[in-house]
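2 protein chains.
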Amino acid sequence: MQTILLKRRPKGIPKISDFELVTENENLTLKNGELILETCYISVDPYLRGRMSDAKSYIEPFALNKPISSGVIAKVLDSKNKKFIKGDYVSGRLNWSTKQISTGVNLTKVDSEVATLSAYLGVLGLTGLTAYCGLTQIGKPKKGETLVVSGAAGAVGSIVGQIGKILGMHVVGIAGTDEKVDLLKTKFGFDAGINYNTTNDMATAIKKLAPNGVDVYFDNVGGSISDAVLLNINQFARLVICGAISVYNNTEIPKSMSVQHLLIRNSALMQGFIVTNYQESFPEAINALSKWLAEGKLTHNETIVSGFENSPQAFIDLFSGKNKGKMVVKI
Amino acid sequence: MQTILLKRRPKGIPKISDFELVTENENLTLKNGELILETCYISVDPYLRGRMSDAKSYIEPFALNKPISSGVIAKVLDSKNKKFIKGDYVSGRLNWSTKQISTGVNLTKVDSEVATLSAYLGVLGLTGLTAYCGLTQIGKPKKGETLVVSGAAGAVGSIVGQIGKILGMHVVGIAGTDEKVDLLKTKFGFDAGINYNTTNDMATAIKKLAPNGVDVYFDNVGGSISDAVLLNINQFARLVICGAISVYNNTEIPKSMSVQHLLIRNSALMQGFIVTNYQESFPEAINALSKWLAEGKLTHNETIVSGFENSPQAFIDLFSGKNKGKMVVKI
Numbered sequence: 001m002q003t004i005l006l007k008r009r010p011k012g013i014p015k016i017s018d019f020e021l022v023t024e025n026e027n028l029t030l031k032n033g034e035l036i037l038e039t040c041y042i043s044v045d046p047y048l049r050g051r052m053s054d055a056k057s058y059i060e061p062f063a064l065n066k067p068i069s070s071g072v073i074a075k076v077l078d079s080k081n082k083k084f085i086k087g088d089y090v091s092g093r094l095n096w097s098t099k100q101i102s103t104g105v106n107l108t109k110v111d112s113e114v115a116t117l118s119a120y121l122g123v124l125g126l127t128g129l130t131a132y133c134g135l136t137q138i139g140k141p142k143k144g145e146t147l148v149v150s151g152a153a154g155a156v157g158s159i160v161g162q163i164g165k166i167l168g169m170h171v172v173g174i175a176g177t178d179e180k181v182d183l184l185k186t187k188f189g190f191d192a193g194i195n196y197n198t199t200n201d202m203a204t205a206i207k208k209l210a211p212n213g214v215d216v217y218f219d220n221v222g223g224s225i226s227d228a229v230l231l232n233i234n235q236f237a238r239l240v241i242c243g244a245i246s247v248y249n250n251t252e253i254p255k256s257m258s259v260q261h262l263l264i265r266n267s268a269l270m271q272g273f274i275v276t277n278y279q280e281s282f283p284e285a286i287n288a289l290s291k292w293l294a295e296g297k298l299t300h301n302e303t304i305v306s307g308f309e310n311s312p313q314a315f316i317d318l319f320s321g322k323n324k325g326k327m328v329v330k331i
Numbered sequence: 001m002q003t004i005l006l007k008r009r010p011k012g013i014p015k016i017s018d019f020e021l022v023t024e025n026e027n028l029t030l031k032n033g034e035l036i037l038e039t040c041y042i043s044v045d046p047y048l049r050g051r052m053s054d055a056k057s058y059i060e061p062f063a064l065n066k067p068i069s070s071g072v073i074a075k076v077l078d079s080k081n082k083k084f085i086k087g088d089y090v091s092g093r094l095n096w097s098t099k100q101i102s103t104g105v106n107l108t109k110v111d112s113e114v115a116t117l118s119a120y121l122g123v124l125g126l127t128g129l130t131a132y133c134g135l136t137q138i139g140k141p142k143k144g145e146t147l148v149v150s151g152a153a154g155a156v157g158s159i160v161g162q163i164g165k166i167l168g169m170h171v172v173g174i175a176g177t178d179e180k181v182d183l184l185k186t187k188f189g190f191d192a193g194i195n196y197n198t199t200n201d202m203a204t205a206i207k208k209l210a211p212n213g214v215d216v217y218f219d220n221v222g223g224s225i226s227d228a229v230l231l232n233i234n235q236f237a238r239l240v241i242c243g244a245i246s247v248y249n250n251t252e253i254p255k256s257m258s259v260q261h262l263l264i265r266n267s268a269l270m271q272g273f274i275v276t277n278y279q280e281s282f283p284e285a286i287n288a289l290s291k292w293l294a295e296g297k298l299t300h301n302e303t304i305v306s307g308f309e310n311s312p313q314a315f316i317d318l319f320s321g322k323n324k325g326k327m328v329v330k331i
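One line per chain: the protein sequences are G and A, in this order. Numbering (my numbering) for the first sequence: 1 to 331. Numbering (my numbering) for the second sequence: 1 to 331.
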């Protein structure tokens with residue numbers, strides 16, 4: 001069996017040498033209550049970058065020379081736990097190991113007939129929950145309002161935009177390639193898209209595509225893209241601060257536009273969050289997402305990388321935007 | 001009678017030459033429903049700077065060559081309005097004129113026996129309402145939490161800190177002179193104060209005086225002082241964005257620390273506001289403020305400048321922090 005450890009705390013953009021792949025003899029014997037899991041899919045997510053640093057944060061940092069962990073879909077190979085039987089598929093926050101023992105705590109069974117296994121890491125997993133809870137709980141979207149989404153072709157962003165459309169909003173997405181902008185409009189039903197890599201004056205471009213101003217901004221990126229959106233917000237705008245991928249790899253605290261006077265001028269709200277703040281809304285969220293998925297109103301996109309050993313590279317590729325939609329590693 | 005007009009839109013810090021004092025013949029004849037007012041006190045406030053620019057904002061800009069207006073306490077000299085009689089004192093948003101005619105709309109009678117007339121521009125006026133509504137509605141203060149206030153010796157800040165103490169918080173104030181910091185502790189009952197003009201490392205100074213971290217930040221200043229506070233916020237911190245006096249006179253959009261990643265890391269809220277958003281809470285606020293004032297739990301401080309013609313200079317002096325507490329002009 002193989003495991004991926006955090007070898008060094010990355011400086012700036014993570015490098016392959018920050019990780020170590022170790023091979024161990026399998027010696028997995030079960031005690032009562034335990035089960036053996038074989039990993040099927042690993043979720044790679046931008047937020048993991050935060051856990052690789054030792055800065056104060058909402059979850060404790062990964063320990064050096066210990067396994068990385070994230071959302072994982074696994075198959076039960078053997079079980080001495082009454083809640084699970086051999087052949088079950090489960091989802092949980094698990095180690096980046098090809099096999100592992102679990103006590104079953106915080107594992108959820110997933111049904112491969114309702115959706116593909118990898119969907120439980122995406123639209124029906126933390127990704128979908130993040131999109132739904134952030135947009136509805138903080139964004140408080142109203143029909144006819146304008147929603148701007150950054151990182152719009154990413155895992156969370158592509159779902160946020162689609163939910164916005166389902167709720168009757170005018171939706172503008174920001175992404176980094178023409179191909180992604182095309183995808184926003186043709187696959188995800190956004191009203192408009194902007195390629196920030198080929199647009200000189202982002203603030204003016206946003207103004208053109210959001211002529212009534214921005215009521216809700218779902219922010220996955222931070223930095224200068226967010227500055228340009230902020231220059232277009234309406235009174236009582238809600239800024240859902242979900243991610244800041246543009247600054248995660250900075251080695252110094254980044255500077256950008258001072259936001260306070262804009263928040264005052266527009267009586268606007270900025271709320272940072274992590275999805276687990278909204279746990280009481282998860283059942284409602286899963287219901288809505290499953291229903292929309294079944295009705296064909298929600299499309300999900302995945303970038304699937306093959307091979308356990310490629311997990312670190314898949315993670316690193318998030319920061320150059322190589323993924324479209326949810327990035328997962330298939331074992 | 002005399003009136004002060006906006007002569008030019010200020011560039012950077014306003015100058016006396018941006019204003020014009022004009023003397024007119026008094027020719028005030030009353031129609032039915034009208035009253036003649038003689039100005040007693042004029043409120044000068046940082047937010048007026050915003051109205052002197054023609055940038056998009058929550059209230060329309062002052063027109064050039066027209067009177068400035070702000071909170072004013074006036075005496076009724078004559079009345080053809082059933083709601084007011086000669087000798088009444090009223091409060092309202094009125095012109096910077098020694099005398100003027102009013103229709104009585106949006107005027108409120110004030111009782112000079114309950115509090116001094118100028119208090120109705122301060123602790124019992126928009127200043128007190130701003131402090132109370134911002135702190136309670138956005139800050140949602142809890143006993144035992146830590147409150148940091150910037151512009152703490154100013155009109156709003158000194159009331160915010162006192163309300164924080166009444167509600168059982170640990171209160172730290174930031175101000176610009178040792179004399180003001182002294183005042184915070186001896187007159188307003190703050191637990192601690194920091195002079196930002198003599199402190200090199202503000203983030204460390206705040207950490208020392210707010211050892212449990214910052215739960216609520218009442219921000220009157222923006223800029224680098226706010227950056228230093230943000231580096232000390234706790235999970236679920238509430239940042240009440242009331243003023244940004246440090247940047248009001250900037251001619252370019254200022255840069256400061258990027259806040260988004262800190263908001264995410266701490267699931268923190270930043271909410272900009274103007275007091276009129278919370279109009280439904282005004283009766284509750286006035287009740288609480290009057291009660292605390294009568295009980296001696298709330299002290300208010302005023303800087304009173306004499307002479308109508310000195311109103312522009314009093315306003316300009318706000319930006320160099322010449323006031324302690326509420327700045328008013330006595331006519």
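By construction, these hints were calculated from the structure, which means they are not laboratory data. Errors might be hidden in some of the hints.
[Stated by the list, open to error] Straight-line C-alpha distance at most 20 Å; calculated DMTMM-like pairs for lysine to aspartate or glutamate:
#: 1; chain 1: G; residue 1: Lys255; chain 2: A; residue 2: Glu113
#: 2; chain 1: G; residue 1: Lys207; chain 2: G; residue 2: Asp227
#: 3; chain 1: G; residue 1: Lys207; chain 2: A; residue 2: Asp54
#: 4; chain 1: A; residue 1: Lys185; chain 2: A; residue 2: Glu302
#: 5; chain 1: A; residue 1: Lys255; chain 2: G; residue 2: Asp54
#: 6; chain 1: A; residue 1: Lys255; chain 2: G; residue 2: Asp201
#: 7; chain 1: A; residue 1: Lys207; chain 2: G; residue 2: Glu179
#: 8; chain 1: G; residue 1: Lys255; chain 2: A; residue 2: Asp227
#: 9; chain 1: A; residue 1: Lys330; chain 2: A; residue 2: Glu113
#: 10; chain 1: G; residue 1: Lys255; chain 2: A; residue 2: Glu302
#: 11; chain 1: A; residue 1: Lys255; chain 2: G; residue 2: Asp227
[What the hints assert, rightly or not] Just a few of them, taken from the derived set where beta-carbon distance is under 7 Å, the chain A residues facing chain G:
#: 12; residue: Met1
#: 13; residue: Leu5
#: 14; residue: Thr23
Note that the structure is predicted; figures quoted are calculated from it, not measured. Idealized CB from N, CA, C, for every residue including glycine.
These are the hints, each one checked on the structure:
1. G:Lys255 with A:Glu113: With a Cα-Cα distance of about 52 Å, the restraint between Lys255 (chain G) and Glu113 (chain A) is violated, given a limit of 20 Å.
2. G:Lys207 with G:Asp227: Cα-Cα ~13 Å, so holds.
3. G:Lys207 with A:Asp54: Holds, at roughly 19 Å.
4. A:Lys185 with A:Glu302: Between Lys185 (chain A) and Glu302 (chain A) the Cα gap is close to 17 Å, so the pair holds against 20 Å.
5. A:Lys255 with G:Asp54: Roughly 27 Å separates the two Cα atoms, so the pair is violated.
6. A:Lys255 with G:Asp201: holds, 18 Å
7. A:Lys207 with G:Glu179: Distance of about 47 Å is beyond 20 Å: violated.
8. G:Lys255 with A:Asp227: OK: Lys255 (chain G) and Asp227 (chain A) at ~10 Å, within 20 Å.
9. A:Lys330 with A:Glu113: holds, 18 Å
10. G:Lys255 with A:Glu302: violated, 37 Å
11. A:Lys255 with G:Asp227: holds, 10 Å
12. Met1: violated, 34 Å
13. Leu5: Status violated, d = 24 Å.
14. Thr23: violated, 35 Å
Taken one by one, the earlier hints fail for this structure at numbers 1, 5, 7, 10, 12, 13 and 14, listed in ascending order.
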